[in-house]
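Protein chains in written order, with my numbering: chain A, 35 to 755; chain B, 6 to 222.
No lab work stands behind these hints: they were computed from the structure. Hints may contain errors.
List of simulated lysine-lysine pairs, BS3-like, C-alpha gap at most 30 Å [as the list claims (entries may be wrong)]: (1) Lys233(A) with Lys114(A); (2) Lys745(A) with Lys100(B); (3) Lys745(A) with Lys218(B).
Counterexamples of contact, computed for chain B against chain A with all Cβ distances above 12 Å [unchecked claim]: (4) Ile11; (5) Phe83; (6) Thr97; (7) Ala188; (8) Glu197; (9) Thr199; (10) Leu206; (11) Thr208; (12) Gln216.
Computed from a prediction, not measured in an experiment: that's the story for all the values here. Virtual Cβ for every residue (Gly too), placed ideally from N, Cα, C.
Chain by chain, the residues run as shown.
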Amino acid sequence: MKATIYIILILVAQPIFGQTSIQGVLKNQSGETIPGVNIFLKGTYEGVSSEIDGSYEFETTLSGNYTLVFQAMGYKVFEKEVSLDGEVISLNIILREAINEMTAVTISAGAMEASDEKKAVVLKPIDIVTVPSAMGDIIGAFQTLPGTANVGNDGRLFVRGGDASETSIFIDGLKVGNAFGTTATNVPTRTRFNPNLFKGSFFSTGGYSAEYGQALSSALALNTVDFPVRNQGDINLMSVGGGYTQTLAREKSSLTASANYFDLSPYQSLIKQNFDWERAPYGWDAEVSARQRWGKNGIVKAYLHTESSGMKIWQPMYGSEGRGQLVGLQNHYSFGQASFKQLSKNDWSYYGGVSYSNNVDEFELDQLNIRNQNQVLHSKAVAIKGFSDKLSIKTGLESYFYIYEEQLKSEGLKRDFQDHHTVLFTEADYYVNNKLILRGGLRTGNSSLAKQTWLDPRISIAFKFKHEGQLSFAAGQFSQMPVEQLRILDQSLKNTRADHLILNYFLSRNGRTVRAEAFYKDYKELITYEVAQLFPMPIGLENIQQNGEGYARGMDIFYRDQTTFKNTDFWVTYSYVDSKRLFVHFTEMVQPGFAPRHNGSVVVKHFIQPLKSQLGVSLSFNDGYTYDNPNLPGQMNAKTKSFQDLSLGWSYLPRPNLIIHLACSNVLGRDNIFGYQYTNEINESGIFEGNPIRLQAPRFLFLGIFLTLSKDKNANNLNNL
Amino acid sequence: MKKYSIFIIAMMLISLMTQASNEAYEKAMRKELQQMKVAKSPDDFKKVANGFSRISEMVPEEWLPDYYAGLALVNAGFRSQGRLEEKDAFFTQAKKLTDKAAEKSPNNSEIVALQGYITMGELSADPNSRGQHLSGVAMQFFGKAVDLNRQNPRAIMMLGQMELGMAQFFGQEPGKACGLISASLKLFEKEENTKEEDTLLPTWGKEMALQIKESCQ
Numbered sequence: 035m036k037a038t039i040y041i042i043l044i045l046v047a048q049p050i051f052g053q054t055s056i057q058g059v060l061k062n063q064s065g066e067t068i069p070g071v072n073i074f075l076k077g078t079y080e081g082v083s084s085e086i087d088g089s090y091e092f093e094t095t096l097s098g099n100y101t102l103v104f105q106a107m108g109y110k111v112f113e114k115e116v117s118l119d120g121e122v123i124s125l126n127i128i129l130r131e132a133i134n135e136m137t138a139v140t141i142s143a144g145a146m147e148a149s150d151e152k153k154a155v156v157l158k159p160i161d162i163v164t165v166p167s168a169m170g171d172i173i174g175a176f177q178t179l180p181g182t183a184n185v186g187n188d189g190r191l192f193v194r195g196g197d198a199s200e201t202s203i204f205i206d207g208l209k210v211g212n213a214f215g216t217t218a219t220n221v222p223t224r225t226r227f228n229p230n231l232f233k234g235s236f237f238s239t240g241g242y243s244a245e246y247g248q249a250l251s252s253a254l255a256l257n258t259v260d261f262p263v264r265n266q267g268d269i270n271l272m273s274v275g276g277g278y279t280q281t282l283a284r285e286k287s288s289l290t291a292s293a294n295y296f297d298l299s300p301y302q303s304l305i306k307q308n309f310d311w312e313r314a315p316y317g318w319d320a321e322v323s324a325r326q327r328w329g330k331n332g333i334v335k336a337y338l339h340t341e342s343s344g345m346k347i348w349q350p351m352y353g354s355e356g357r358g359q360l361v362g363l364q365n366h367y368s369f370g371q372a373s374f375k376q377l378s379k380n381d382w383s384y385y386g387g388v389s390y391s392n393n394v395d396e397f398e399l400d401q402l403n404i405r406n407q408n409q410v411l412h413s414k415a416v417a418i419k420g421f422s423d424k425l426s427i428k429t430g431l432e433s434y435f436y437i438y439e440e441q442l443k444s445e446g447l448k449r450d451f452q453d454h455h456t457v458l459f460t461e462a463d464y465y466v467n468n469k470l471i472l473r474g475g476l477r478t479g480n481s482s483l484a485k486q487t488w489l490d491p492r493i494s495i496a497f498k499f500k501h502e503g504q505l506s507f508a509a510g511q512f513s514q515m516p517v518e519q520l521r522i523l524d525q526s527l528k529n530t531r532a533d534h535l536i537l538n539y540f541l542s543r544n545g546r547t548v549r550a551e552a553f554y555k556d557y558k559e560l561i562t563y564e565v566a567q568l569f570p571m572p573i574g575l576e577n578i579q580q581n582g583e584g585y586a587r588g589m590d591i592f593y594r595d596q597t598t599f600k601n602t603d604f605w606v607t608y609s610y611v612d613s614k615r616l617f618v619h620f621t622e623m624v625q626p627g628f629a630p631r632h633n634g635s636v637v638v639k640h641f642i643q644p645l646k647s648q649l650g651v652s653l654s655f656n657d658g659y660t661y662d663n664p665n666l667p668g669q670m671n672a673k674t675k676s677f678q679d680l681s682l683g684w685s686y687l688p689r690p691n692l693i694i695h696l697a698c699s700n701v702l703g704r705d706n707i708f709g710y711q712y713t714n715e716i717n718e719s720g721i722f723e724g725n726p727i728r729l730q731a732p733r734f735l736f737l738g739i740f741l742t743l744s745k746d747k748n749a750n751n752l753n754n755l
Numbered sequence: 006m007k008k009y010s011i012f013i014i015a016m017m018l019i020s021l022m023t024q025a026s027n028e029a030y031e032k033a034m035r036k037e038l039q040q041m042k043v044a045k046s047p048d049d050f051k052k053v054a055n056g057f058s059r060i061s062e063m064v065p066e067e068w069l070p071d072y073y074a075g076l077a078l079v080n081a082g083f084r085s086q087g088r089l090e091e092k093d094a095f096f097t098q099a100k101k102l103t104d105k106a107a108e109k110s111p112n113n114s115e116i117v118a119l120q121g122y123i124t125m126g127e128l129s130a131d132p133n134s135r136g137q138h139l140s141g142v143a144m145q146f147f148g149k150a151v152d153l154n155r156q157n158p159r160a161i162m163m164l165g166q167m168e169l170g171m172a173q174f175f176g177q178e179p180g181k182a183c184g185l186i187s188a189s190l191k192l193f194e195k196e197e198n199t200k201e202e203d204t205l206l207p208t209w210g211k212e213m214a215l216q217i218k219e220s221c222q
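Modelling step: build the complete structure from the supplied sequences, incorporating the hints.
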């Protein structure tokens with residue numbers, strides 16, 4: 035009986051002295067109140083959220099010792115032991131910020147990223163392929179970004195006073211040898227890869243991570259699509275060819291196969307060409323790409339691409355009669371790679387893979403038959419360890435085999451070289467807080483052929499302001515072996531070198547992006563040589579030396595706006611480059627032909643809903659290319675008139691799965707000149723006669739019809755534009 | 006006999022305890038579901054999401070608390086008037102919670118539909134640059150949700166909404182889209198008639214379907 039009374043007493047009494055009130059105000063380290071914090075007693079249903087003013091209060095009937103937990107997005111979890119005994123508990127807590135990858139500062143010096151997933155991006159992948167002047171070529175779109183020069187008669191990527199060989203291209207982190215199609219002099223080339231393959235890209239115009247090497251000026255890292263979303267077939271019919279792509283998508287794996295054929299003959303028979311073609315460019319390519327999920331957090335990708343193309347052209351020999359010299363070109367190219375990514379326990383992650391490219395060029399020059407073969411085998415393994423949310427370290431080991439061979443088939447002559455690089459790199463990222471990040475990296479390598487070991491240190495630092503803008507600084511050393519065509523002549527050649535200094539400001543807010551960058555690049559140990567005969571083509575290089583030098587300095591500005599005008603997206607770019615070099619056949623410091631001083635572009639895209647159409651306009655210009663005029667003293671002593679190109683594009687979507695795309699370059703038909711070719715001997719008036727170097731036609735007209743076949747009728751291949 | 010009674014008492018106690026914890030779970034869930042019904046501002050939804058997260062801490066094996074926490078955050082994201090980053094923070098958190106629910110209950114039509122709904126939220130936050138990429142992803146989720154359960158009115162409604170958006174964009178007949186919306190309304194009615202009054206399972210969406218239906222007329 036006594037016991038029963040006792041029990042009743044306890045039951046009744048509990049609410050009287052068992053009600054405990056917990057209250058307080060929550061602030062962050064800068065003294066601002068934090069709303070929406072989840073506050074609860076661990077192991078119970080009791081809890082509350084903080085109000086707008088950061089205050090919280092709740093009452094509980096529990097008694098005894100409990101853990102009070104404070105949980106909020108962007109903050110570290112805070113736990114506190116409390117004793118519930120009826121006394122009011124008052125706790126004003128300052129929550130510590132957690133490093134948040136989505137909002138924290140990122141290093142934007144030198145970098146221009148295009149991604150659907152990340153935040154500090156300049157462009158989305160889709161924006162890249164819808165630039166009218168790009169004509170579906172990835173590089174064409176990059177030529178409208180700051181830091182690049184448009185060298186229309188070459189087509190490759192020229193970054194900040196660097197020549198085209200100074201840009202290295204990577205797919206899923208692995209090196210791509212001969213990423214551009216082989217072409218004849220003054221016939222612009224394109225990248226070999228279909229823009230549809232890639233979900234994002236990272237384009238750096240300097241100061242890049244220790245992960246990338248053998249590139250003096252620029253690294254372009256392309257990332258392939260992880261998993262396509264549906265089964266579909268894509269048919270494309272273009273004014274220059276056609277192709278078919280089939281995608282099979284499963285939950286854990288997918289397969290994409292495509293085949294394309296192009297031939298410019300029909301097009302060229304309709305539209306008058308400046309060049310004397312014996313056989314217009316033609317070719318085919320086929321590729322297969324497969325992806326497979328590996329366990330819960332892994333992915334394995336494989337990609338194979340093979341292609342063959344050819345052309346025959348009469349290159350004029352100025353000062354001599356006839357059609358000139360017949361140049362025939364056959365190119366066979368294969369690229370294959372396999373890569374993996376794996377997230378592991380304890381904040382370890384791994385990625386890596388193997389890539390192989392094999393490029394064979396067969397040239398016919400009059401009676402000469404030349405065969406060049408370039409092979410690159412790259413393997414790479416990288417481990418990243420996150421020690422805390424503030425510090426992570428990436429370490430990688432790489433191996434490169436370069437095998438290059440030149441054959442003079444008609445003479446039965448052959449020469450070659452092989453080089454093996456072993457590379458080790460490590461890089462640490464340290465977030466002081468969400469506003470400040472430091473990165474330091476080291477890249478060291480050894481070349482078996484050059485018998486050289488090098489060490490390239492790189493650092494960067496970035497700070498994010500209150501207004502979301504961020505300032506980054508990067509500095510580093512970069513090494514790159516000379517081009518194969520020179521190394522085969524002198525196998526003892528060492529690395530050429532460049533030092534970069536970059537200061538960058540980046541702000542992206544409410545659909546507007548501003549990016550401004552100043553840079554200084556110092557070149558050392560560049561190659562110089564003497565040419566036995568320079569005109570009309572350089573033949574016989576002698577006295578190869580490695581004492582060249584040079585610099586490039588300047589600034590660029592990029593502004594993009596997707597908000598101000600309805601349904602309109604535009605960007606404006608201006609780059610100033612002051613570059614002089616002593617290299618190749620130069621005997622003094624001069625401005626190279628591929629480094630115009632003032633460069634600009636404007637891209638505007640406007641969607642017209644009632645017409646179901648997107649109109650695109652892109653304008654590119656520069657102040658002209660320097661060239662050698664043998665009638666004047668000195669080198670690079672003349673400059674062409676300004677280069678200007680206005681391209682228009684029109685994409686029409688009559689049905690969700692059908693796109694018709696029409697584009698025309700240089701609509702105004704401006705007579706762009708990229709330099710002059712001079713006769714070998716003086717004429718009667720005592721001067722060398724010059725002939726302007728032009729494109730094969732003032733305009734290029736493109737018509738494409740893209741049809742997607744899928745169960746999902748809304749699918750289309752907009753990315754092809 | 007004594008042994009047996011101890012055993013029976015022990016069994017009764019255990020079942021009482023589980024019943025008590027079940028009751029506490031259901032009570033807490035009902036309270037938050039009620040809060041969700043009256044929630045208006047993103048802050049209200051944030052609080053509801055916090056509430057469901059607390060329940061999830063207590064019953065880590067249940068998918069419903071994570072599902073509803075995710076749903077509350079999507080609603081917060083849709084209603085947010087803030088900058089893109091703020092909206093995205095809601096959707097990112099919603100995605101995390103929904104993925105957690107999906108791990109506990111794989112191939113669940115409701116969860117897959119919610120994943121699609123989150124994708125729709127991200128798309129609507131920046132349609133110009135995300136439309137092309139995310140509309141395919143959202144369609145994929147809704148298609149899968151319908152495949153998993155053809156009787157799920159929410160999956161069919163949202164599939165209809167996406168189809169309607171596409172039809173409007175391309176100036177096509179919205180017949181198929183509106184058919185889906187009507188079908189979802191029938192399923193909503195069926196759900197009302199068959200599900201228990203106080204079920205914790207998802208029943209939301211009918212009002213949304215009625216709203217979409219209006220743009221069909």
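Hints and how they fare:
A hinted pair counts as satisfied when its Cα atoms are at most 30 Å apart, and Lys233(A) with Lys114(A) does not qualify at roughly 45 Å. Among the hinted pairs, Lys745(A) with Lys100(B) is consistent with the structure: their alpha-carbon atoms are about 27 Å apart, no more than 30 Å. With a C-alpha separation of about 25 Å, the suggested pairing of Lys745(A) with Lys218(B) holds against the 30 Å cut-off. Under the 12 Å C-beta cut-off, the non-interface status given to Ile11(B) relative to chain A holds; the minimum distance is some 19 Å.
Residue-level check passed: Phe83(B) sits 17 Å from the nearest beta carbon of chain A, beyond 12 Å. Against chain A, the non-interface label of Thr97(B) is violated: not every CB pair exceeds 12 Å, the least being about 6 Å. Remark: the non-interface label on Ala188(B) is consistent with the geometry, its nearest Cβ contact in chain A lying 18 Å away (cut-off 12 Å). Non-interface status of Glu197(B) relative to chain A is upheld: no Cβ of that chain comes within 12 Å, the nearest being about 29 Å off.
The Cβ of Thr199(B) lies farther than 12 Å from every Cβ of chain A, with a closest approach of about 30 Å, so its non-interface assignment holds. The beta carbon of Leu206(B) is kept farther than 12 Å from every beta carbon of chain A, the shortest such distance being approximately 20 Å. With a least beta-carbon separation of about 23 Å from chain A, Thr208(B) lies farther than 12 Å from that chain, consistent with its non-interface assignment. Distance check on Gln216(B): its Cβ is at least 22 Å (rounded) from any Cβ of chain A, clearing the 12 Å threshold; non-interface status holds.
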